[in-house]
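There are 4 protein chains.
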Amino acid sequence: MIFLKNDYSLGAHPKVLQALTDTNMTLTDGYGIDPFCDGAAEMIREMIDCPEAYVQFLTAGTQTNQTALAAFLRPHHSVISPSTGHVCVHETGAIEATGHKINHVPTTDGKLRPEDIDAVMAEHEDEHYVKPAIIYISNSTETGLIYTKAELTALREKCLEYGLLTYIDGARLAMAMTAPENDLKLEDLPKLCDAFYIGGTKCGAMFGEALVIIKKELQEDIRWLVKQRGGMIAKGRLLGVQFQALLKDGFYFELGAHANRLAKKLADGISAKGYEFAIPPQTNMLFPLFTKEKVEELRENVMFEGWQYPSETHAAIRLVTSWGTTEEEVDAFLKLI
Amino acid sequence: MIFLKNDYSLGAHPKVLQALTDTNMTLTDGYGIDPFCDGAAEMIREMIDCPEAYVQFLTAGTQTNQTALAAFLRPHHSVISPSTGHVCVHETGAIEATGHKINHVPTTDGKLRPEDIDAVMAEHEDEHYVKPAIIYISNSTETGLIYTKAELTALREKCLEYGLLTYIDGARLAMAMTAPENDLKLEDLPKLCDAFYIGGTKCGAMFGEALVIIKKELQEDIRWLVKQRGGMIAKGRLLGVQFQALLKDGFYFELGAHANRLAKKLADGISAKGYEFAIPPQTNMLFPLFTKEKVEELRENVMFEGWQYPSETHAAIRLVTSWGTTEEEVDAFLKLI
Amino acid sequence: MIFLKNDYSLGAHPKVLQALTDTNMTLTDGYGIDPFCDGAAEMIREMIDCPEAYVQFLTAGTQTNQTALAAFLRPHHSVISPSTGHVCVHETGAIEATGHKINHVPTTDGKLRPEDIDAVMAEHEDEHYVKPAIIYISNSTETGLIYTKAELTALREKCLEYGLLTYIDGARLAMAMTAPENDLKLEDLPKLCDAFYIGGTKCGAMFGEALVIIKKELQEDIRWLVKQRGGMIAKGRLLGVQFQALLKDGFYFELGAHANRLAKKLADGISAKGYEFAIPPQTNMLFPLFTKEKVEELRENVMFEGWQYPSETHAAIRLVTSWGTTEEEVDAFLKLI
Amino acid sequence: MIFLKNDYSLGAHPKVLQALTDTNMTLTDGYGIDPFCDGAAEMIREMIDCPEAYVQFLTAGTQTNQTALAAFLRPHHSVISPSTGHVCVHETGAIEATGHKINHVPTTDGKLRPEDIDAVMAEHEDEHYVKPAIIYISNSTETGLIYTKAELTALREKCLEYGLLTYIDGARLAMAMTAPENDLKLEDLPKLCDAFYIGGTKCGAMFGEALVIIKKELQEDIRWLVKQRGGMIAKGRLLGVQFQALLKDGFYFELGAHANRLAKKLADGISAKGYEFAIPPQTNMLFPLFTKEKVEELRENVMFEGWQYPSETHAAIRLVTSWGTTEEEVDAFLKLI
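Protein chains in written order, with my numbering: chain A, 29 to 365; chain B, 29 to 365; chain C, 29 to 365; chain D, 29 to 365.
A few of these clues could be false.
Listed next, the stretches of chain A that the computed footprint assigns to chain B, with coverage defined by at least 3 CB atoms under 8 Å from CB atoms of chain B [claimed, not checked]:
hint, stretch
1, 151-157
2, 229-240
A short, non-exhaustive set of chain C residues, derived as facing chain A with CB atoms under 8 Å [said to hold, decoys possible]:
hint, residue
3, Gln-46
4, Asp-50
5, Pro-103
6, His-156
7, Ile-242
8, Lys-244
9, Arg-251
10, Trp-252
11, Lys-255
12, Gln-256
13, Ala-300
DSSO-like mimics (lysine-lysine), calculated; alpha carbons at most 30 Å apart, straight line [as the list claims (entries may be wrong)]:
hint, chain 1, residue 1, chain 2, residue 2
14, C, Lys-43, C, Lys-213
15, A, Lys-186, C, Lys-244
16, A, Lys-292, A, Lys-43
17, B, Lys-244, D, Lys-186
18, D, Lys-243, B, Lys-244
In case anyone wonders, no lab produced these hints; they're calculated from the structure. Glycine included, each C-beta is placed from N, C-alpha and C at the ideal position.
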C-alpha cells in the first residue's frame, strides 16, 4: 500500500529516536526544567531572533492550542478562526471546554482575511456578545495553503487596530516555511504574531510541540496553566531532547522541505495527467479531483482520506506527504492514475 | 415618545405587582421551597397536562438557558441552534462558559429545520468532533416567527432519530401560543420536547422564568445546578407568587394575545400604507422596511431598534409590542408613516 | 410562631416596595443602563468617598461572588477563604464551577488571620500547586462576628506583601458597620480591599446586591462577565430603584442597626438567664447554648436553625434578627427560656 | 550522586525503548486505534479477569485523573480525597479547572477511611452544598502506603452505601501490588472500584498511563473526553507499544518488585542504624527521620526531596527507589549514615 494518508503516522525520525536513546538513562529534574529543554528553547530564540521569547514544550497540538488560548484569554473573550481551523472542527470542543466561544468565519480556502475580522468585530458591539480577543490561524492551513508575508502583515495590522492578539498554529510550520512560494522568514514571526507553535508531531518528532510566546504579558505563569491542563509530563526532557535533535542545523526544515518536494512532484505528475485540484497545491497536502470511480480504484492500492465532493462526477481526495514519504511511493502513485 | 423598542422595559403588570405586595410580609422558607412556588408549579403541570413534569423557577432567560443546558449535557456535548438563537448571539458566550460548543446553523428566518439537523450530524462523525446532543429553538423565534405543530413534530422526530434532546426557549411563549396562526396547544409541548421554559420577564412578570423539564432523567438534582449557577434567590417565593398571578385563569396568555393583537393592528396599518416586511408578521415583533430617511425621521418620535439593512435604499427596523402597549401608541405610529 | 430563623425570608421593606411600585411603569433602557442604577452607583461612590469605584448591581449573593471571582482571576488562581466562608460551603461549588480552587483555612470562629495566609502561601510554592491570588472574607462573618479596622488592616498588609487581592462579602455589611463594637468606617473600605459587595437581600431589598470594585484593573469589562454568568436582568433598573431607596439618608444602615439592637436585647436577655454562647454575640446572629431538651421545647414556638452541638448536653442554635424583627418577638422568646 | 529523588526521572526501561524502536517505522492509524493499543488493552482485561473493562491510554497522570473525573461527574458533583491526594495538592487545580470541588479529608498517613466518608457525607445534606459523587484514593499512596484488601473492601462498601463511585490512582500500582504486605490481587480490582489507572510513567514507560474503566455507564464516549482534554496523541500506538512491552509476562510487576526490594533493603539498613521513620515503610517511598545536620550532610552526596519536619531536631526526608535503582546506590547510601 502506498501511504499518503497523513503526516503523523510514522514514529520519530531515526535521528530523533537516536537522541532519545542516547539520553534515555540520563537523570535530570522533571517537568521540563532541564538542560535539554533549556537548550532547545535557546535554539528557538536564536532561530527567530527574539531573545525575550518564552518557549514552552507540550506533548500534542490540541493540548497546545487549548493551553495557550486558556492562558491568554479572560472568560468573556472569544477566538476568531476560519471555520476550517483545527480548533473549530477537530478538537472536540477543546477551546469551548475552557469556556471560550470560537467565532467561526466561513471560508472557501481555509484562510482568514482582514475583512473577515472587520465583519466579526462589527457584529460584536457590546456586553451582550462575547468579546473577540484573538485570532487563530494555521500556517500552513488545514487546506495546505500558506500565508504570504504581506497577508500576515495585513492581518497583524488589522488585529492591532482592534486590540486583538494574533496566534499561529504551526503544526505544519516546517512545511509552511519551506514551501516554494513562501516569503516569510523565521525572524518575521515575532513581529507578526503574539504566539505561535512549532509542530514536532507532524515533522519528525515522536511527539511534542514548542509553544513560543512573544508578548511579555502572555508569558506569565504559563507553567501553571500547562500543569493544570494536564500537559506537563514528568520526563519533560523528552521534549527538549527531541527538539534539540530536530532544530540542529535546520534539520527540521529539511524534513519539511522533503515533504514539500515530494508533494510538488506528486502534484506536477497529477497535473501532467490532466487532473485538476480543488485547492492549488502549495505544501505537503494536495486535494486533486478524480472521478468517483477513480477514487474507489485508488483505494485498493493507496491509503488516503476523502475530503469533499464538489460535483456530481468528481471528488477531491486528500494526499499528504511527510518526511518519510519516498520517491518510489510518489512514482507508484502516479503510475496508478 | 412612542415606545416600540422591546417587551421587557416595563415593570410588572399591576396584578403581579399587587400579588407581590400582598405577600410581601409573608414568612416562608427560602430558596423556592414554599407554597407559592409549589402552587405555581402545580398550575403549570395541569396547564400542560403533564403530572410528571418538574418545574424550576429562575430569575432570567440567559440564566435559564445556561442552567438547563449545563444540567442536561456531558462535557463533550454540543447544542444545535439556528445562528439567530439567543444562546448564539445574545448571551455573551454563556453556554460556552459552561464548556459546550454551539453548532450555529445559518438561517434566513431564524427557524431550525430537520434538514439542518441532518447537515450538522453528517459533519460530526467521530470523537474528533463535539457530539451534538440537543437542539435549541425559540418559540416564538428572535425573528418573531412561530413553529407550527407539524414543524415541531418533524423536528422532534428528527431529534429522536439521532438521539438528540429537544429544548424550547419560551421567552415569548405567551405570544407564540396566542399568535393568530398558531396551532400548537399547551398539552402538545410535553410530547414535542424534553424541556422548555415559560418566559415571565417579557410577559407581565417583574422578572422570572419557569423551566419545565419533561424528561425524567433530566430532572435529577436540578436544584444543585441552579444553586451552583447563581440562580437560586433567597426569597424564592417571589417567583412563585408572580407565576401564580400570571397563570391564574390564563391571564398570562391574555397578555400575550394583547401584544399580538396590537402588533397585528400595527402590521396591517403598515401594510395598508404600502410598506413591506423583511420577515412576515406573526407575533409581537415586526420588521417593516422603510427608507433610511424614514427611519431617521421615525427616531424623532418612536423608540425602536435597528435590525438589518437588506438594501441600498431600505432598512428593516424592529417594532415590538407588549402587554403594556396601547391602541393610542399604535395609532400614533401609523400616523407617522 | 416567633421567627428567628434567618434575615432573608421577609420580602422588601415597605419603603423599597413603594419605590418599586412608584417606578413600575417607567420606561428605561434595560440591563442596568438607566438613571436609577446610575444614581444608586453614585450614592455608593459618595458614601465610601471613592469616585473611581465601579458599581455593578447583581441579583443574588452566590451570583455576585461567582461573577466577581471569575472576573478577577486567571485559570490557575485560587481563593483563600476561612472554611466557614459562604463560598466554601453554601454555594454548591459555584466558585469551582468557574474553574478555581478554594483553599479552605480551618477556623474556629469564622475569621481569617494574617498567619493563615502565611500558612497557605508556604504550601503553594510552585507550578504544581494552584496559585493563591485573592482572599475571601465576610463582614460580618457567617458566625456573626465582625473584623476590626486593625484586623482588616493587618490582613490587607499581608495581602499586599504576597500580591494577593482582597475581597469582602458584605451580604450583611449593614449589620457589620452598625455593630456596637465596630470601628470601621465606610470610607475605610476602599483602602482595605479591592472589591466588596453591599448586600441588599438580607437587609431590606426584595433582592439585589451591589458589587463595588475599587481596583481599576479589575473593573474592565465587568458587564460582559455579568451577562455571561446569567446575572444581567432585563429590567436592570429594579436594582437601582431598590438601592436608591435603601441608601437614601443611610436608611440601609438604620435597618442593620435595628437588627443589631434587637439581637443585643435578645443576647442580653439570654445571658441574664444564665445561658452561654458558642460564639460571642456581635451582630444579628446569635449562637446560644441550650440543653437538647430546651432546644426541642423551643421548636414548638420558635423558628430557628440548628448549628453545632459542642457537647453531650448542650447545643448551639442559631437565632437571627432582621429589619423586620419586633420587640414583641424578642420579649416572647425571652419568656420561653 | 546517589539518586533517590523520585521514580520518574529515568527514561524508558531498555525493553520498552527497544519496542518503540522496533515499531518506529510501522504505519498504523492514529489516535490510539491500532493493533498495539488493542493488544495492550486485551492484556489488561485478561490480567484483571474482566472482559468488559474499557481501557484508554493517556500520556500523563494529571491528564488521566482530570479526564476520568471530568468524564464521570455531573457539574455539581465533588470528589472526596485524602488531603495528601495527588489531585488535591500536586495538579494545580486540574480537577477544579473542570468545575469540580474536591472535598479534602485531613489525614495523617495519606489514607482514606470509611469514617471519613461518613463525615463528608454528613456535611453535604442538600442542594446548597456540592454533592460528593466519587472517592479518589491512590494505591500506593503519596505517602508510600498500601491499602489491604479488607481496607479497600470496607471503603467500597461504604461507597456503595452512599451511591459513590470509587476511583483508584495507580500511578504506582506496580509497587502497591508487589509490596511485601500486599494481599490484593489484580482480579480483585474490578470488584473493588469503578475505575483505576495503571501507571506507566513511574514504572518503566517513557510516558503513559492506562485508564481502566470497569463500570459500563462510565465507559460511554470516553474517547470524546480524551480528545477534548488534549490527551489524544496522533501517534497513539506509542502507548500501546509501551504497555505491551511492560505487561508481557508480568514484567511491569517485576519492575515494581525491584523497586520495593531495594527500598526494603534501604529501610532495613536505615533501621539497623537506629533511625526511625515518619511513616512505616511499605513500598518504594521511605520517610526516614534524620537530624537536620545529617540531612544537610546527605545533600552533598544524595539527591532526594525534603518532606516534612515533625520536630525541632529531626526531619523526614523522602527517599524513592525505582526500576533503575541499583544495589550499589543503596549500599552507598547506607554507608553515608
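Verification of the supplied hints:
1. 151-157: Since 4 is at least three, the answer is holds.
2. 229-240: n = 0 at 8 Å, threshold three: violated.
3. Gln-46: violated, 31 Å
4. Asp-50: With a closest approach of 28 Å, the Asp-50/C hint is violated.
5. Pro-103: For Pro-103/C, the interface hint holds, since the closest Cβ of chain A sits about 6 Å away, which is under 8 Å.
6. His-156: holds, 6 Å
7. Ile-242: With a minimum Cβ separation of about 19 Å from chain A (threshold 8 Å), the hint on Ile-242/C is violated.
8. Lys-244: Interface hint status for Lys-244/C: violated (15 Å vs cutoff 8 Å).
9. Arg-251: At 4 Å from the nearest chain A Cβ, Arg-251/C passes the 8 Å test, so the hint holds.
10. Trp-252: holds, 4 Å
11. Lys-255: Since chain A brings a Cβ to about 5 Å from Lys-255/C, closer than 8 Å, the hint holds.
12. Gln-256: Where the cut-off is 8 Å and the nearest Cβ of chain A is about 5 Å from Gln-256/C, the hint holds.
13. Ala-300: Since chain A brings no Cβ nearer than about 53 Å to Ala-300/C, farther than 8 Å, the hint is violated.
14. Lys-43/C <-> Lys-213/C: holds, 25 Å
15. Lys-186/A <-> Lys-244/C: holds, 28 Å
16. Lys-292/A <-> Lys-43/A: Since the Cα atoms of Lys-292/A and Lys-43/A sit roughly 25 Å apart, the hinted pair holds (cutoff 30 Å).
17. Lys-244/B <-> Lys-186/D: At roughly 28 Å apart (the allowed maximum being 30 Å), Lys-186/D and Lys-244/B satisfy the hint.
18. Lys-243/D <-> Lys-244/B: Answer holds: Lys-243/D to Lys-244/B is near 22 Å, not above 30 Å.
The structure fails to meet hints 2, 3, 4, 7, 8 and 13 from the earlier list, while all remaining hints are met.
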